[in-house]
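So the protein lines, in turn, are chains A and B. Just so you know, the first sequence maps onto residues 0 to 294 in numbering that gives the first Met the number 0. Just so you know, the second sequence maps onto residues 0 to 294 in numbering that gives the first Met the number 0.
In case anyone wonders, no lab produced these hints; they're calculated from the structure. Check the hints yourself; a few may be wrong.
List time: in silico DSS-like cross-link candidates among lysine-lysine, alpha-carbon distance up to 27 angstroms [to be verified]: (1) B:K101 - A:K101; (2) A:K96 - A:K43; (3) B:K3 - B:K101; (4) B:K18 - A:K101.
2 protein chains.
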Amino acid sequence: MDIKSYLKDKQGLVDAFFKTYFSRQQHPPVLQEAMLYSLFAGGKRIRPILALAAYETCGGNPRDIVPYASTLELIHTYSLIHDDLPAMDNDDLRRGKPTNHKIYGEAIAILAGDALLTEAFSILSDATLSSKVSVAHLMGALREIALASGLDGMVAGQVQDMLSENREPDGETLQFIHSHKTGALLRASVRIGPILYGSSQTSLDALTAYGDNIGLAFQVIDDILDIEGDTEEMGKTAGSDEKINKMTYPRLYGLKRSKEIARNLVADAKAALSVFSSEADSLREIADYLLTRRN
Amino acid sequence: MDIKSYLKDKQGLVDAFFKTYFSRQQHPPVLQEAMLYSLFAGGKRIRPILALAAYETCGGNPRDIVPYASTLELIHTYSLIHDDLPAMDNDDLRRGKPTNHKIYGEAIAILAGDALLTEAFSILSDATLSSKVSVAHLMGALREIALASGLDGMVAGQVQDMLSENREPDGETLQFIHSHKTGALLRASVRIGPILYGSSQTSLDALTAYGDNIGLAFQVIDDILDIEGDTEEMGKTAGSDEKINKMTYPRLYGLKRSKEIARNLVADAKAALSVFSSEADSLREIADYLLTRRN
Chain A
0 MDIKSYLKDK
10 QGLVDAFFKT
20 YFSRQQHPPV
30 LQEAMLYSLF
40 AGGKRIRPIL
50 ALAAYETCGG
60 NPRDIVPYAS
70 TLELIHTYSL
80 IHDDLPAMDN
90 DDLRRGKPTN
100 HKIYGEAIAI
110 LAGDALLTEA
120 FSILSDATLS
130 SKVSVAHLMG
140 ALREIALASG
150 LDGMVAGQVQ
160 DMLSENREPD
170 GETLQFIHSH
180 KTGALLRASV
190 RIGPILYGSS
200 QTSLDALTAY
210 GDNIGLAFQV
220 IDDILDIEGD
230 TEEMGKTAGS
240 DEKINKMTYP
250 RLYGLKRSKE
260 IARNLVADAK
270 AALSVFSSEA
280 DSLREIADYL
290 LTRRN
Chain B
0 MDIKSYLKDK
10 QGLVDAFFKT
20 YFSRQQHPPV
30 LQEAMLYSLF
40 AGGKRIRPIL
50 ALAAYETCGG
60 NPRDIVPYAS
70 TLELIHTYSL
80 IHDDLPAMDN
90 DDLRRGKPTN
100 HKIYGEAIAI
110 LAGDALLTEA
120 FSILSDATLS
130 SKVSVAHLMG
140 ALREIALASG
150 LDGMVAGQVQ
160 DMLSENREPD
170 GETLQFIHSH
180 KTGALLRASV
190 RIGPILYGSS
200 QTSLDALTAY
210 GDNIGLAFQV
220 IDDILDIEGD
230 TEEMGKTAGS
240 DEKINKMTYP
250 RLYGLKRSKE
260 IARNLVADAK
270 AALSVFSSEA
280 DSLREIADYL
290 LTRRN
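Could you put together the complete structure from these sequences and hints?
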């Protein structure tokens, strides 16, 4: 299996959906422009791809859930736009481009984020977008994503992240931040595969364990890249975590130990897939791929 | 029928739901505090009450949909928090209290809004919260609310409202702003009643017409109150629309004609209820009540 072409193919499905879905003319046009600016700023569509691969692992055809999987990218994009705001992380650069508020101003950036979040739920509540998914399963996936995104998930992680700047790092807080800020949505990305398919509890449990490990590994690797990557490769300012004294794995455990932790998490993620045979190969390759990514 | 005690009773149901639902300890606590600060800042729960009254009009017991109706207030509250931000309307006072960002800072205010919006969809996707509503009807109501809140509804209205400050008022733009910024969610509030109940198309159409008229009337009256009300009674700074040259009905049509428009809209809303007999009395009284409100 060629993981690069697998990822490119699935990314193409997601991008094609966005192009069609957002092609109708909106009013006022600046809102649509601002949403599309960040949505097409070079995101790798990791979250939708995880959902598509997990659905495939359960026996489904990924093409049947492209709209629903794509909503994960809408939510991820909204969170980046809001995180970059002057009142939050105050970032000027994201994926090598000026951040949303640098182009459209703060007000439109806030509203574009709000619209992206809301649009995710509009899509997730449109049962006509797939003939293969029952309304009950779709509702289950929507709830999974909502819970991972809000008060008990991503938003809680972002709040704790901000509160922890310039504070002494401790393992418990760091674990809370990562499992909520990025881990929760990555976990949900994997879980909506079996939920939309209506898989057995055994499959759901195995994929949940995979998602938990991948979710944490992803963030540990992000922390490492913030130190080791260069600004050009990453498309965001290297060393920006250190600048504002973010609580990170390398800061708490050092670089060498952090890399070991990431490797172990990826190994655990793959071990969780032992209930599947070759149908989970894409998820196995994605896990390995995350370990070698440079941006 | 005593409309004041009707409203107070329904408001009590909504407040009791919020108190129970948000009673579990959240982490980090400041996020929960900020959400509850705005949620209990004196909102009249008009949107949930419209949903409860519409459900009752269709033959249901309002108590069966309190959690779902309450989500309208979560979304309304999120929109107020974001609208008040310095980058948007930059308001210091809301319902007689300092605005959210004045107390908690901009970052937490943005995130509290994000969390309130997301939590609405968590609640709307929890089919266990009512034994009387089918999953398909619940999904329909969720979709109704999502569409009214986002890119084609409330957010679009807020963007156009900002773009129109200090511009010459015109009827078409004003109609767009009002029907999207406040009208869409008020319309959805009324419509989720028949949608959750699974009513006939005739009932849905009648209630939609009521909702459209009530939605627009509500905003015209708001515009009038911004000029005629006093700051103390309204709990927000009187004349604030004029200060930033907002596009309003009185600015375009004058006060006298605006009051006439509001009265006509309320009359049209009540006329739309002619397919119902006494079961729609609460909606009729609510329409009259809106015309006489002072804040």
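Verification of the supplied hints:
1. Distance restraint check for K101 (chain B) and K101 (chain A): the Cα-Cα separation of roughly 24 angstroms lies within the 27 angstroms cut-off, and the hinted pair is therefore satisfied.
2. Annotation: proposed proximity of K96 (chain A) to K43 (chain A) holds, straight-line Cα distance about 15 angstroms (limit 27 angstroms).
3. Restraint check for K3 (chain B) and K101 (chain B): the C-alpha separation of about 32 angstroms exceeds 27 angstroms, so the hint is violated.
4. Of the pairs offered as hints, the one joining K18 (chain B) and K101 (chain A) is violated, with about 40 angstroms between alpha carbons and a cut-off of 27 angstroms exceeded.
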